[in-house]
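Protein chains in written order, with the working numbering: chain A, 1 to 396; chain B, 1001 to 1223.
Among these hints, one or two may not hold up.
Pairs of lysine-lysine residues, derived as DSS-like cross-links and limited to a Cα-Cα distance of at most 30 Å, are as follows [as the list claims (entries may be wrong)]:
id : chain 1 : residue 1 : chain 2 : residue 2
1  : A       : Lys129    : A       : Lys204
2  : B       : Lys1048   : A       : Lys137
3  : A       : Lys187    : A       : Lys375
4  : B       : Lys1048   : A       : Lys69
5  : B       : Lys1214   : A       : Lys112
6  : B       : Lys1145   : A       : Lys114
7  : B       : Lys1118   : A       : Lys112
8  : A       : Lys18     : B       : Lys1118
9  : B       : Lys1214   : A       : Lys137
10 : B       : Lys1118   : A       : Lys161
11 : A       : Lys99     : B       : Lys1145
12 : B       : Lys1145   : A       : Lys69
13 : B       : Lys1118   : A       : Lys19
14 : B       : Lys1118   : A       : Lys99
15 : A       : Lys136    : B       : Lys1214
16 : B       : Lys1118   : A       : Lys114
17 : A       : Lys112    : B       : Lys1145
18 : A       : Lys18     : A       : Lys2
19 : B       : Lys1214   : A       : Lys83
20 : B       : Lys1145   : A       : Lys83
21 : A       : Lys2      : A       : Lys19
22 : A       : Lys99     : B       : Lys1214
23 : A       : Lys19     : B       : Lys1048
24 : A       : Lys69     : A       : Lys163
25 : A       : Lys137    : B       : Lys1118
26 : B       : Lys1160   : A       : Lys99
27 : A       : Lys163    : B       : Lys1118
28 : A       : Lys83     : B       : Lys1118
29 : B       : Lys1118   : A       : Lys136
30 : A       : Lys137    : A       : Lys2
31 : A       : Lys19     : A       : Lys8
32 : A       : Lys8      : B       : Lys1118
33 : A       : Lys2      : A       : Lys83
34 : A       : Lys191    : A       : Lys114
35 : B       : Lys1048   : A       : Lys136
36 : B       : Lys1048   : A       : Lys18
37 : A       : Lys137    : A       : Lys163
38 : B       : Lys1214   : A       : Lys114
Simulated from the structure, these hints should not be mistaken for laboratory data. Keep in mind it's a predicted model, so treat the numbers as computed, not measured.
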Amino acid sequence: MKRILEIKNLSKTFYDNKKHTAFSNISFILDEGEVICLVGPSGSGKSTLLRCIAGLENPDEGDIILLGKNRSQDDREAIEDTKNNVSFVFQDYNLWPHKTVLENITFAPVLKNKMSLDEARKLASDLLKRFDLYDKKDAYPDFLSGGQKQRVAIIRALAMKPKLLLLDEITSALDPELISSVLNLIKILAKEGQSMIVVTHHLKFATEIADRIIFLDGGQLIQQASARDFIYAQNNTRIADYLQMFSLNRQEINIYEGADQFQAFQLGTLKRFKEGSSKYVVGSSGDRWFEAMGDFYKTYETERINRKISWRMIMYSESVRDRDLRLRCPELNVYRLIPKNFENPANYYVIEDVVVIQIFGKEGDEPAIIEIKNKDVAKSYMNYFNLLWEQSTPIE
Amino acid sequence: MYQWDWNVVIQYKYVFIQGALVTLWLTFLVVIFGSILGILVGLVRRSKVPFIPTIAKIYIELFRAFPILVLLIWFYYVAPIILGIQFSPFWTAVVALSISLSAFVAETFRAAVESIPKNQFESGTTLGLSQMQTMFYIILPQAVKNMLPNLLGLYVEQLKNTSLASVIAVGEVLHQASTISSSTYRPLEVYSAVAVIYLILVIPFSLLADWIEKRMNRKMRKL
């Protein structure tokens, strides 16, 4: 495997008002196709390290060996090499406001890589199409959202076909709902074998893309480990403390067992459905649901009908009580039959970011509920619901 | 009671028009040379070579400090003796006014470049552009846009400053007027006409400057 980068005993100190060591004695290597994530508390020196690698800052001591060439001496040729082979994406995008999205991307390849304008436009268009930004190609950066700006900035860096891509906290300036679009792009690049060094605070993301995670604290390299070992086999207490600060999974799973809890849960969630909204249910349970709800069934049903919450249910077969409900109130009970060959994951419904799985077990078993609070899981369950809905036939 | 007689203005209208054209031509040349020189000085001011920026700073401070009238007279009477070159009055005015304008443009340019985030320079560097390329293609277009409102103000000012060139006998509108006035003894009509001519010349410029500034503000609000 080709060695892209080797860092040897690198140190950097700032002398602003007082001496301040950014980092010292850092060494690591990066081979072609590898992704390294630099993590650590703020002020740990990770961004400065990245800027040194990009040639935006000069280290005081140590060697940066890029593609076999040592750059730490004042070597113009080596600096040119860095410029040609390394691209950097900033936290605050740094798109050029006076150029359109397309011009932002094509400018450097045409000027620097001697690409023809047509060729550069095609490359840019292809990249924009791939990352779903083609319709913005003639927009000026000021008219894009933060997530779009950052994706354009990444595409701009990619258009230079860098051997090494450096990403400096690229999601820190973004609103939470825009972050995933940017991280997904990076995941794709990682899969495609783009060599990258990524400074990030998203540990979950780091574990997904990194071949190795390097932990810096106070300018020292504390640990260098595979993503797996870093998270799950962490025996360094300092790092373990840091990891605890970030809950790795925003996912929360709750289990409610027994009829009492089942009933309480159902009545509780019913309140969270807005008036006139729909409850999307997959998999009917025959009459087990009605049994599990016991005496509270009436309360539930009155409340539901009052607030006009409709059931949209996909089932294998319609039970007698289901049928009663449907005939009594057809607009609030819309049922469909799933083709038999479809696999039904469970009896579940989705409310906002929560998936509720209802478990009834065998005849006589107590009912239970598994509640999964996870936006992505909820979304994929909802997608599956929609797919089943399309494939199934209405019951009338 | 003074008897107004506007015939004199009509009689000499071509002289007035010619004077106005000289004023415009002089302004135009000063704006072009002054801006180019100013941006060059501004660039030199940002140079990383030791002492060079200091020279630019001295240039800027010096020529901003001198009254333009002093500068004009100095160039007309003293420069030929020291430098050994004798310009015509018109070109003396072009040189003196351009140098004066360039000092102000350089200062405006500095402020405009400083208002552009440091990251914009770095974004050029990290995409492989040289310092010069980054400056020319990335920073300069943004800086010029930033400095446009101030620049237009300076240009309107310049148009009025050209009247000072009359003291070294440049045939611009004020100088023509004083010639007419001394031969016709009708200073009131003649100088009133001059005032009107300046109004006619300056107002469109001011309106244009206002319009551009408003347009840019509107665009900023939209962001």
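Verification of the hints:
1. The hinted pair formed by Lys129/A and Lys204/A meets the criterion: a straight-line CA distance of about 27 Å does not exceed 30 Å.
2. Between Lys1048/B and Lys137/A, the direct Cα distance comes to roughly 37 Å. Violation of the 30 Å bound is thereby established for this hinted pair.
3. As the CA atoms of Lys187/A and Lys375/A are separated by approximately 19 Å, the hinted pair is consistent with the 30 Å bound.
4. With a C-alpha separation of about 27 Å, the suggested pairing of Lys1048/B with Lys69/A holds against the 30 Å cut-off.
5. Annotation: proposed proximity of Lys1214/B to Lys112/A is violated, straight-line Cα distance about 37 Å (limit 30 Å).
6. Taking the CA atoms of Lys1145/B and Lys114/A, the gap is about 28 Å. The hint holds against a cut of 30 Å.
7. Between Lys1118/B and Lys112/A, the direct Cα distance comes to roughly 21 Å. Compliance with the 30 Å bound is thereby established for this hinted pair.
8. Proposed proximity of Lys18/A and Lys1118/B is supported: the alpha carbons are some 23 Å apart, at most 30 Å.
9. For the hint pairing Lys1214/B with Lys137/A, the CA-to-CA distance comes to about 27 Å; that is within 30 Å, so the pair holds.
10. Proximity of Lys1118/B to Lys161/A is assessed by CA-CA distance (about 25 Å); at most 30 Å being required, the pair is judged to hold.
11. With a C-alpha separation of about 13 Å, the suggested pair Lys99/A and Lys1145/B falls inside the 30 Å cut-off, and the hint holds.
12. A C-alpha spacing of about 41 Å is found between Lys1145/B and Lys69/A, which places the hinted pair above 30 Å, so the restraint is violated.
13. A distance of roughly 23 Å separates the Cα atoms of Lys1118/B and Lys19/A; the hinted pair therefore holds under the 30 Å criterion.
14. Only pairs whose Cα atoms come within 30 Å are accepted, and Lys1118/B paired with Lys99/A is accepted, the gap being roughly 18 Å.
15. The suggested pairing of Lys136/A with Lys1214/B holds, with an alpha-carbon distance near 27 Å, which does not exceed 30 Å.
16. Straight-line distance between C-alpha atoms of Lys1118/B and Lys114/A comes to about 27 Å, which keeps the hinted pair within the 30 Å bound.
17. Restraint check: the Cα-Cα separation between Lys112/A and Lys1145/B comes to about 25 Å, which is no more than 30 Å; the hinted pair holds.
18. Of the pairs offered as hints, the one joining Lys18/A and Lys2/A is violated, with about 41 Å between alpha carbons and a cut-off of 30 Å exceeded.
19. Under the criterion of a C-alpha separation no larger than 30 Å, the hint pairing Lys1214/B with Lys83/A is inconsistent with the structure, at around 40 Å.
20. A distance of roughly 28 Å separates the Cα atoms of Lys1145/B and Lys83/A; the hinted pair therefore holds under the 30 Å criterion.
21. Of the pairs offered as hints, the one joining Lys2/A and Lys19/A is violated, with about 38 Å between alpha carbons and a cut-off of 30 Å exceeded.
22. Using a Cα cut-off of 30 Å, the hinted pair Lys99/A and Lys1214/B holds, with the two alpha carbons roughly 21 Å apart.
23. Restraint check for Lys19/A and Lys1048/B: the C-alpha separation of about 24 Å stays at or below 30 Å, so the hint holds.
24. For the suggested pair Lys69/A and Lys163/A, the alpha carbons sit about 14 Å apart, so the restraint of at most 30 Å is met.
25. Distance check on the hinted pair: Lys137/A and Lys1118/B sit about 26 Å apart at the alpha-carbon level, within 30 Å; holds.
26. Between the alpha carbons of Lys1160/B and Lys99/A the distance comes to roughly 36 Å, so the proposed pair goes past 30 Å and is violated.
27. Among the hinted pairs, Lys163/A with Lys1118/B is consistent with the structure: their alpha-carbon atoms are about 25 Å apart, no more than 30 Å.
28. Restraint check: the Cα-Cα separation between Lys83/A and Lys1118/B comes to about 18 Å, which is no more than 30 Å; the hinted pair holds.
29. About 26 Å separates the Cα atoms of Lys1118/B and Lys136/A, which keeps this hinted pair within 30 Å; it holds.
30. Between Lys137/A and Lys2/A the alpha-carbon distance is near 35 Å, which puts this suggested pair outside the 30 Å criterion.
31. Among the hinted pairs, Lys19/A with Lys8/A is consistent with the structure: their alpha-carbon atoms are about 22 Å apart, no more than 30 Å.
32. Straight-line distance between C-alpha atoms of Lys8/A and Lys1118/B comes to about 29 Å, which keeps the hinted pair within the 30 Å bound.
33. At roughly 19 Å between alpha-carbon atoms, Lys2/A and Lys83/A fall within 30 Å of each other, so this suggested pair holds.
34. For a cut-off of 30 Å, the pair hint linking Lys191/A to Lys114/A stands: about 28 Å separates their Cα positions.
35. Restraint check for Lys1048/B and Lys136/A: not satisfied, since their Cα atoms lie roughly 39 Å apart, outside the 30 Å limit.
36. Between Lys1048/B and Lys18/A the alpha-carbon distance is near 24 Å, which keeps this suggested pair within the 30 Å criterion.
37. Between Lys137/A and Lys163/A the alpha-carbon distance is near 25 Å, which keeps this suggested pair within the 30 Å criterion.
38. Our distance criterion of 30 Å between C-alpha atoms is broken by Lys1214/B and Lys114/A, whose separation comes to about 40 Å.
The structure fails to meet hints 2, 5, 12, 18, 19, 21, 26, 30, 35 and 38 from the earlier list, while all remaining hints are met.
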